[in-house]
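**Q** Residue numbers (numbering that gives the first Met the number 0), protein chains in the order written: chain A, 0 to 188; chain B, 0 to 74.
Simulated from the structure, these hints should not be mistaken for laboratory data. Everything numeric in this text was worked out from a predicted model, so none of it was measured. One thing to keep in mind: the hints can contain errors.
Capping the alpha-carbon separation at 25 Å, the derived lysine to any residue pairs in SDA-like fashion look like this [stated by the list, open to error]:
no., chain 1, residue 1, chain 2, residue 2
1, A, K79, A, P10
2, A, K136, A, I177
3, A, K51, B, S61
4, A, K6, A, P49
5, A, K136, A, D149
6, A, K6, A, R161
7, B, K23, A, Y46
8, A, K6, A, V165
9, A, K179, B, K47
10, A, K120, B, P66
11, B, K23, A, I131
12, B, K47, B, D58
13, A, K120, B, G53
14, A, K12, A, L67
15, A, K79, A, N154
16, A, K51, B, Q36
17, A, K51, B, S12
18, B, K68, B, P19
19, A, K136, B, L31
20, B, K68, A, I177
21, A, K51, B, K47
22, A, K136, A, E88
23, A, K179, B, S26
24, A, K79, B, V22
25, B, K23, A, L42
26, B, K44, B, P57
27, A, K120, B, L59
28, A, K51, B, Y10
29, A, K51, B, E8
30, B, K68, A, G121
31, B, K68, A, E4
32, A, K179, B, I11
33, A, K51, B, Y63
34, A, K179, B, W56
35, B, K44, B, N65
36, B, K23, A, R170
37, A, K179, B, K44
38, B, K23, A, I117
39, B, K23, A, P49
40, A, K76, A, F159
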Amino acid sequence: MWYYEKKLQYPVKVRDCNPRLAKYLIEQYGGADGELAAALRYLNQRYTIPDKVVGLLNDIGTEEFAHLEMIATMVYKLTKDATPEQLKEAGLGAHYANHDRALFYQNAAGDPFTATYIQAKGDPIADLYEDIAAEEKARATYQWIINMSDDPELNDSLKFLREREVIHSLRFREAVEILKDERDRKKIF
Amino acid sequence: MFSQFKYWEPYISPFDPCPPIRVKSYSTPPNLYINFQPPGMPQFKTPKQALLHGTLWPDLYSPYPNPAKRGDQLE
Ligand SMILES: [Fe+2]
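Make the full structure from the sequences, and use the hints.
**A** Below, the structure written as structure tokens:
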């Protein structure tokens, strides 16, 4: 179970009214390499992975939900007071027709989230390598969004999120090292 | 030399409905331990051996299923 703390992991400030940026940010909300996919992937892998790395998946999976909240806050702030006309100009006309200003788990192109974004192979090495790749892809996505954003305060939060992907990637590579370790070679039948 | 399989003991609850599998294993193939293949690694004696193993180099061969296990055991 979880305890909830009613604050963000890192503050989110948005300077400019820029609904177009929300359209790009939604990639990290419901896209293939986004925070929802990350959280669901890690928390699901916890059950069948060797016990030595369960705690790591639990911690990182939980943190991804904290990141999801930050992205949601950004998207919400960028769109909550935009007029339908502004949303149309920002390329969000189709979104408004379907969802009003509600958030939706989709990528920047409007494709809805799907469980096929995440894998659970059961083989611990294969699963951890997928996790490492996912972190690097999320880091890259943050880079491309930062490149398109000229809001210094929003970029400050995005840089924080990008750095967390760097750390998570290292932690997953450490997990592979733990599972490679020869201390577990002896047969304990 | 590294081992090709690792073993671990999952937590067993007193309330598990099925008889527990006490030891589980996973494959740790050679590619995990070699970052860049060094030159001059020994090769199989015959082309046919290499063909049947899928690689020229015995050190890169990953056996599966686990040869240390009997055929009637779960992998
Ligand atoms: Fe992450």
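**Q** Would you mind marking each hint as holding or not holding in the structure?
**A** We went through each hint and held it up to the structure:
As the CA atoms of K79 (chain A) and P10 (chain A) are separated by approximately 18 Å, the hinted pair is consistent with the 25 Å bound. For the hint pairing K136 (chain A) with I177 (chain A), the CA-to-CA distance comes to about 23 Å; that is within 25 Å, so the pair holds. Under the criterion of a C-alpha separation no larger than 25 Å, the hint pairing K51 (chain A) with S61 (chain B) is consistent with the structure, at around 24 Å. Taken as a hint, the K6 (chain A) and P49 (chain A) pair is broken in the structure, with Cα atoms around 33 Å apart against an allowance of 25 Å.
In summary, the hint linking K136 (chain A) to D149 (chain A) is supported, as the alpha carbons are separated by about 22 Å, within the 25 Å threshold. Using a Cα cut-off of 25 Å, the hinted pair K6 (chain A) and R161 (chain A) holds, with the two alpha carbons roughly 20 Å apart. With a C-alpha separation of about 13 Å, the suggested pair K23 (chain B) and Y46 (chain A) falls inside the 25 Å cut-off, and the hint holds. Restraint check for K6 (chain A) and V165 (chain A): the C-alpha separation of about 23 Å stays at or below 25 Å, so the hint holds.
Proximity of K179 (chain A) to K47 (chain B) is assessed by CA-CA distance (about 31 Å); at most 25 Å being required, the pair is judged violated. Between K120 (chain A) and P66 (chain B), the direct Cα distance comes to roughly 22 Å. Compliance with the 25 Å bound is thereby established for this hinted pair. Using a Cα cut-off of 25 Å, the hinted pair K23 (chain B) and I131 (chain A) holds, with the two alpha carbons roughly 24 Å apart. Under the criterion of a C-alpha separation no larger than 25 Å, the hint pairing K47 (chain B) with D58 (chain B) is consistent with the structure, at around 17 Å.
Among the hinted pairs, K120 (chain A) with G53 (chain B) is consistent with the structure: their alpha-carbon atoms are about 23 Å apart, no more than 25 Å. Our distance criterion of 25 Å between C-alpha atoms is met by K12 (chain A) and L67 (chain A), whose separation comes to about 15 Å. Of the supplied pair hints, the one linking K79 (chain A) and N154 (chain A) holds, its CA atoms being roughly 19 Å apart against a limit of 25 Å. Taking the CA atoms of K51 (chain A) and Q36 (chain B), the gap is near 29 Å; set against the 25 Å cutoff, the hint is violated.
Between K51 (chain A) and S12 (chain B) the alpha-carbon distance is near 17 Å, which keeps this suggested pair within the 25 Å criterion. Using a Cα cut-off of 25 Å, the hinted pair K68 (chain B) and P19 (chain B) holds, with the two alpha carbons roughly 18 Å apart. Distance restraint check for K136 (chain A) and L31 (chain B): the Cα-Cα separation of roughly 21 Å lies within the 25 Å cut-off, and the hinted pair is therefore satisfied. Restraint check for K68 (chain B) and I177 (chain A): the C-alpha separation of about 23 Å stays at or below 25 Å, so the hint holds.
The straight-line distance between the Cα atoms of K51 (chain A) and K47 (chain B) is roughly 41 Å, outside the 25 Å bound, and the hint therefore fails. Only pairs whose Cα atoms come within 25 Å are accepted, and K136 (chain A) paired with E88 (chain A) is rejected, the gap being roughly 29 Å. At roughly 9 Å between alpha-carbon atoms, K179 (chain A) and S26 (chain B) fall within 25 Å of each other, so this suggested pair holds. Our distance criterion of 25 Å between C-alpha atoms is broken by K79 (chain A) and V22 (chain B), whose separation comes to about 54 Å.
For the proposed pair K23 (chain B) and L42 (chain A), the alpha carbon gap of about 21 Å is at most 25 Å, so the pair holds. Only pairs whose Cα atoms come within 25 Å are accepted, and K44 (chain B) paired with P57 (chain B) is accepted, the gap being roughly 10 Å. The suggested pairing of K120 (chain A) with L59 (chain B) holds, with an alpha-carbon distance near 23 Å, which does not exceed 25 Å. Proposed proximity of K51 (chain A) and Y10 (chain B) is supported: the alpha carbons are some 11 Å apart, at most 25 Å.
With a C-alpha separation of about 10 Å, the suggested pairing of K51 (chain A) with E8 (chain B) holds against the 25 Å cut-off. Distance check on the hinted pair: K68 (chain B) and G121 (chain A) sit about 19 Å apart at the alpha-carbon level, within 25 Å; holds. Pair hint K68 (chain B) plus E4 (chain A) does not hold up; C-alpha atoms about 49 Å apart against a cutoff of 25 Å. Distance check on the hinted pair: K179 (chain A) and I11 (chain B) sit about 23 Å apart at the alpha-carbon level, within 25 Å; holds.
Of the supplied pair hints, the one linking K51 (chain A) and Y63 (chain B) holds, its CA atoms being roughly 24 Å apart against a limit of 25 Å. For the suggested pair K179 (chain A) and W56 (chain B), the alpha carbons sit about 21 Å apart, so the restraint of at most 25 Å is met. Taken as a hint, the K44 (chain B) and N65 (chain B) pair is honoured in the structure, with Cα atoms around 24 Å apart against an allowance of 25 Å. Under the criterion of a C-alpha separation no larger than 25 Å, the hint pairing K23 (chain B) with R170 (chain A) is consistent with the structure, at around 23 Å.
For the hint pairing K179 (chain A) with K44 (chain B), the CA-to-CA distance comes to about 29 Å; that exceeds 25 Å, so the pair is violated. Proposed proximity of K23 (chain B) and I117 (chain A) is supported: the alpha carbons are some 24 Å apart, at most 25 Å. Between K23 (chain B) and P49 (chain A), the direct Cα distance comes to roughly 9 Å. Compliance with the 25 Å bound is thereby established for this hinted pair. A hinted pair counts as satisfied when its Cα atoms are at most 25 Å apart, and K76 (chain A) with F159 (chain A) qualifies at roughly 18 Å.
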